[in-house]
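**Q** Chain by chain, the residues run as shown.
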Amino acid sequence: MEADDLALVSRAKAGDAQAFRALVVRYQRKVYAVALGIVKDPDLAWDVAQEAFVRVHGHLAEFEAKSSFSTWILRITTHLAIDAIRRERSSRKDDVDDVREADLADGSEGILATSLGNDPRANLLRRELAQKIQAALDTLPEKHRTILVLRELEGLSYEELAERLQIHKGTVMSRLFHARKKMQAALREYAGELARRADAEEDGGGGPSPREAGGSAREERTEGED
Amino acid sequence: MTRTFLAALLAVSLGSAPTVARAEVPVMIRIIKGSRQGPPSVDPRLEDLRRQLSPLAYQRWEQVTDEQRDLSRGKTEFVKIPDGEQIGVTLVERRGDTVTIEVAITSRNTQTRLTVEKGQRIVHQVTGEKAGAAYFLTVRALP
Amino acid sequence: MKDCVRFAPMLEAREGELASEEAAALRAHLDGCARCRAAQADLEATDGLVAEALMARANARDFAPFVDQVMARVGQGEPGRTGLLAWFTLHRRAALAWAVPFVAAAAVLMYVRRDGGPRQIAQLEVNAEGDATMVLETSDGPVVLLDEHS
Chain G
1 MEADDLALVS RAKAGDAQAF RALVVRYQRK VYAVALGIVK DPDLAWDVAQ
51 EAFVRVHGHL AEFEAKSSFS TWILRITTHL AIDAIRRERS SRKDDVDDVR
101 EADLADGSEG ILATSLGNDP RANLLRRELA QKIQAALDTL PEKHRTILVL
151 RELEGLSYEE LAERLQIHKG TVMSRLFHAR KKMQAALREY AGELARRADA
201 EEDGGGGPSP REAGGSAREE RTEGED
Chain W
227 MTRTFLAALL AVSLGSAPTV ARAEVPVMIR IIKGSRQGPP SVDPRLEDLR
277 RQLSPLAYQR WEQVTDEQRD LSRGKTEFVK IPDGEQIGVT LVERRGDTVT
327 IEVAITSRNT QTRLTVEKGQ RIVHQVTGEK AGAAYFLTVR ALP
Chain U
370 MKDCVRFAPM LEAREGELAS EEAAALRAHL DGCARCRAAQ ADLEATDGLV
420 AEALMARANA RDFAPFVDQV MARVGQGEPG RTGLLAWFTL HRRAALAWAV
470 PFVAAAAVLM YVRRDGGPRQ IAQLEVNAEG DATMVLETSD GPVVLLDEHS
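Chains as they are written, first to last, in the working numbering: chain G, 1 to 226; chain W, 227 to 369; chain U, 370 to 519.
Isolated chain G, as found in the complex:
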């Protein structure tokens, strides 16, 4: 994959528009997804994603293949996305990064593992779950959202995150901790709902079955976004 990318980049540098188009098509959704995770608004994310490719195109001559194309464009995307939201509002005082005793004391550990199961991807309610995740993600402050998105979508290590965001490794770890904790708090409500539905099923009546709920979520998805 990387070798392919570099081959396309070389051709694009030489002026081959098709090669550049191929790079765009290959990465467009990933770039958009990272932007979306950070800026939240789909139209703004679309714009940021396009701008990232435009930037890349403008700086092709300087790209020296020291990093992969993927890292390069996602780094640009991160910075453009963060800029885009900072432009829109003045930065707030976000939560402190340190982890404290109070952050741990809630006793609800393990509930998610139990209700979401070992492999949530196999879960029939995946679409619904995806919506809940998105809603939870949207409630996070920008710093926490950004670090979580980069960790998961780009798979960056602690060291890479430290470099990308210009923070210390310790801060990376505690910021991730806070980000995940907030996500999980938001998801626990959903987990509770799943448990209630499961109980209702067992009792042979009550609310919609997981399959039905999964069905309606599927139909929602076919609307897509424009």
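Errors might be hidden in some of the hints.
To be verified - Restricting the straight-line Cα-Cα distance to at most 30 Å, the calculated cross-link-like pairs of lysine-lysine (BS3-like) are:
| id | chain 1 | residue 1 | chain 2 | residue 2 |
| --- | --- | --- | --- | --- |
| 1 | U | K371 | G | K181 |
| 2 | W | K356 | W | K259 |
| 3 | W | K306 | G | K13 |
| 4 | G | K13 | G | K143 |
| 5 | G | K13 | W | K301 |
| 6 | W | K306 | W | K344 |
| 7 | G | K143 | G | K66 |
| 8 | W | K301 | G | K143 |
| 9 | U | K371 | G | K169 |
| 10 | W | K259 | W | K301 |
| 11 | W | K356 | W | K306 |
| 12 | G | K143 | G | K169 |
| 13 | W | K301 | G | K66 |
| 14 | U | K371 | G | K143 |
| 15 | W | K306 | W | K259 |
| 16 | G | K40 | U | K371 |
| 17 | W | K344 | W | K259 |
| 18 | G | K40 | W | K301 |
| 19 | G | K181 | G | K143 |
| 20 | G | K169 | G | K181 |
| 21 | G | K182 | G | K143 |
| 22 | W | K306 | G | K66 |
| 23 | G | K40 | G | K143 |
Since the hints were made in silico from the structure, they are not lab data.
Add chains W and U to chain G, keeping to what the hints say.
**A** Below, chains W and U without anything else, positioned relative to chain G:
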């Protein structure tokens, strides 16, 4: 996504199921050429496509290339076709016996996403018709 | 426990991210701490979901115009397609296998229920973005044709 290795260690020590590696779907990708001219014939290697191709106007079918690739989710594989164009083939999703594959023609505004069962074949035209002939790409997920 | 505060941010570390002494200390702590094991199980259960949720949204969105728009911004765009093709993008149809070739609409989204048996419903889902295409449904799989005027 990579599971934390400590969690995997823990899972093993507590006796729960080991985590599953990222899934790959092996596919056969063929580039074939359909022509209006020439004697009606179907390349013997394309016998399995005969029925699927029968509604089309092209009566002569030849196989140009044939390769196996492994698709992993979200990673686009590029397949080169005779006119130099690159066709992007991406595994979007895989659930049990069905797979969702996207075929993208980068020089055009065409991205087609199809969900099929394993064993079914996707046949996708990838060039416009020139001199009575057009190229198609076929994808089949291997069991 | 003070220790939990120290170890909590380490729970999601991947291989190689912790120094070996830290990793050993964490393992030792986890052996004796049910709360942290449970917290780690929660992390495990939710790992990758954010990525999946975002990619699902990216996958659901129509990206057909994206590359042309980028090329236009870069100064290498083609003039936009207007007129007949634009009209067709508003209409979504699927052709049947015996249909006479005609230029179909830009996007087709369709579910087909397969007959037979107590098996799970097999769904054929076709979503074609961008240029006008025609899609033929056959039991062997879909056949996608390009607009004959392109």
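**Q** Now look at each hint and say whether the structure bears it out.
**A** Cross-check of the supplied hints:
| no. | hint | in the structure |
| --- | --- | --- |
| 1 | K371/U with K181/G | 18 Å, holds |
| 2 | K356/W with K259/W | 11 Å, holds |
| 3 | K306/W with K13/G | 20 Å, holds |
| 4 | K13/G with K143/G | 35 Å, violated |
| 5 | K13/G with K301/W | 23 Å, holds |
| 6 | K306/W with K344/W | 24 Å, holds |
| 7 | K143/G with K66/G | 28 Å, holds |
| 8 | K301/W with K143/G | 28 Å, holds |
| 9 | K371/U with K169/G | 21 Å, holds |
| 10 | K259/W with K301/W | 26 Å, holds |
| 11 | K356/W with K306/W | 18 Å, holds |
| 12 | K143/G with K169/G | 15 Å, holds |
| 13 | K301/W with K66/G | 21 Å, holds |
| 14 | K371/U with K143/G | 26 Å, holds |
| 15 | K306/W with K259/W | 14 Å, holds |
| 16 | K40/G with K371/U | 36 Å, violated |
| 17 | K344/W with K259/W | 24 Å, holds |
| 18 | K40/G with K301/W | 24 Å, holds |
| 19 | K181/G with K143/G | 14 Å, holds |
| 20 | K169/G with K181/G | 18 Å, holds |
| 21 | K182/G with K143/G | 12 Å, holds |
| 22 | K306/W with K66/G | 27 Å, holds |
| 23 | K40/G with K143/G | 13 Å, holds |
Violated hints, listed in ascending order, are 4 and 16; each of the other numbered hints is respected by the structure.
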